[in-house]
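Number of protein chains: 2
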Amino acid sequence: MSNTILLNNRPEGKPQESDFKFVEQEVGTPGENELLVEAKYVSVDPYLRGRMRDEKSYIPPFELHKPISSSIVAKVLESNNANFKEGDYVSGNMAWKKKQVITTDNLQKVDPDKAPLSAYLGILGLTGLTAYLGLNEIGKPKEGETLLVSGAAGAVGSVVGQLGKILGLKVVGIAGSDEKIELLTSKFGFDAGINYKTTDNMKEAIGKVCPDGVDVYFDNVGGEISDAVLFHINKFARIVICGAIAVYNKTDIPKGIAVQPFLVKKSALMQGFIVSNYADKFKEASQQLVKWLQEDKLHYEETIVEGFENIPQAFIDLFDGKNKGKMIVKL
Amino acid sequence: MSNTILLNNRPEGKPQESDFKFVEQEVGTPGENELLVEAKYVSVDPYLRGRMRDEKSYIPPFELHKPISSSIVAKVLESNNANFKEGDYVSGNMAWKKKQVITTDNLQKVDPDKAPLSAYLGILGLTGLTAYLGLNEIGKPKEGETLLVSGAAGAVGSVVGQLGKILGLKVVGIAGSDEKIELLTSKFGFDAGINYKTTDNMKEAIGKVCPDGVDVYFDNVGGEISDAVLFHINKFARIVICGAIAVYNKTDIPKGIAVQPFLVKKSALMQGFIVSNYADKFKEASQQLVKWLQEDKLHYEETIVEGFENIPQAFIDLFDGKNKGKMIVKL
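Protein chains in written order, with the working numbering: chain U, 17 to 347; chain A, 17 to 347.
In short, the hints are calculated from the structure, not lab data. Just so it is clear, the structure is predicted and the values come from calculations on it, not from any experiment. Don't take each hint at face value.
Note: identical chains are not told apart, hence a pair may lie in one copy or across any two.
In silico DSS-like pairs for lysine-lysine, Cα to Cα no more than 30 Å straight-line [unchecked claim]:
(1) K203 with K130
(2) K91 with K307
(3) K281 with K299
(4) K56 with K181
(5) K203 with K82
(6) K91 with K115
(7) K125 with K101
(8) K251 with K297
(9) K219 with K307
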């Protein structure tokens, strides 16, 4: 019976089921200070695609024929560490295994009474931190400004938009279905949304819903959508580059409109954001997110897929935009 | 006899002589607080190309059939303002006219005993301020880092490189002739130079001379050169977008490598720089530049063309890289 998922091939273009391999590996027993845990919720994220490439990046690539890993919430089955006891729940980066022995470094205890366990992979996990810190540290939003978010119905995007509203900005989201747009404006309180799949001229459409231009662009997608935004940035605009899902699967080097002339003309800033650079601000950000969540000022959407065997497909589905909000696999 | 140069056409692509028109206009007499001045040195700059387009930018476009203007050093012939007297020299934005009546707003008195008059259009003018403030405010150079400068033999680029050396960085310049490269490494103290016109593979060439990667890229050119730099930026790199001369003359929207994936991967920053946004720092920057100039720590190169009638051609020659350092027309 398979209990582990390995990286079988480095994907060419869009990942496929055959890039993954299910195998049976021995679980082992916990040594000193270690835990035996059982995975309960597994996060699948677009950034994992980058780690499947054999190239230097901000985190090392996955090794071929070794287990893939991502953020996971797991239940402690056995503990040799005084700070954790059987029955506790923990979150952290773990292998795609049903059960595993882990060290407790970089592990957080999570409380199922404060929020559903899956929330610790989303709005209370790296997703929420990414939204909060990317928006505040690079976007520097000011009341009354216009915030445009791409991938707006995604896990990060939907939180970014809500934070923008809490801070008093006009918030517009770009997403890929009418259902998602409806979700943005109803559940998440965005002021307007643009369905890029049914819009012929994105440049024109953005101009219409952002008549005062765009002050902060929170970019989760890259590609042609982001090219269209350039025509509408205001003087001193801040562009947070949080992801580029539109180009993650490209095998050649993606091209686009040269951004430099736009940035000069508008004295604008564009900066790549990686949440791990801001670890010193995690605590403060988490506290703020929990507070707003408990005050019902933040909402979130999850797409929960069931079954260990469906982890690869859930990951692949990200690139077809099949998720609304955070994509999670429940075991 | 012609004494004024008008914008005759908005250039398509590279400007041509026929885009300019020489006419005779009445000079007039100075009113209250005004001066009658005679142009002595006229600055021609790549950014003027942008003002020849009929589009909103950080400064309004030139009007068709009206005089073009740029930075000029002029001699006061008549003064109705107590702060200026006949024989004084002033610098500021003035029309391309041999003589003109001007108000004294935004005019600086310049001292021919402290530095040659032409220097006030270059290293002690907006050129020097652009280099100093662009490098410091966005580039945030740190001792021991690697600074790469494109358009390095140009007016701004040559100052940027020298400032980098004063601040203890490794400095590499990209320019378009062996003569310019020689100038960079001899006169301006750059550590190395790359002649992009004789280099087939810029990506490889940059990797060779910047084995530790690029921490600060001061970009005066845009286009393919800047695309090649992306492959070598370090984590937390800062890219100062100061100009994009490679694309100023393009009539369609220029394309290039999508920068977003590089910026994410390296948590890098790219920001458009316009010197006028930093007017509150001009005084401090000027004092520092004068000091280093007097201490012989800064050197500059000028290409001085003679004759009012040669102003348009001098401007056009910028786009063929015919200048070394600041391009100036002496009247």
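Comparing the hints with the structure gives:
1. K203 with K130: Result: close within a single copy only, 21 Å intra versus 67 Å inter.
2. K91 with K307: within (25 Å within a copy, 66 Å between copies)
3. K281 with K299: The answer is between: 24 Å across copies meets 30 Å, while 38 Å in one copy does not.
4. K56 with K181: neither (33 Å within a copy, 56 Å between copies)
5. K203 with K82: neither (40 Å within a copy, 55 Å between copies)
6. K91 with K115: within (9 Å within a copy, 84 Å between copies)
7. K125 with K101: within (10 Å within a copy, 77 Å between copies)
8. K251 with K297: Result: close both inside a copy and across copies, 28 Å intra and 19 Å inter.
9. K219 with K307: Neither. Shortest intra-copy (37 Å) and inter-copy (49 Å) distances fail the 30 Å Cα cut-off.
The structure does not agree with the numbered hints 4, 5 and 9 stated previously, though it agrees with the rest.
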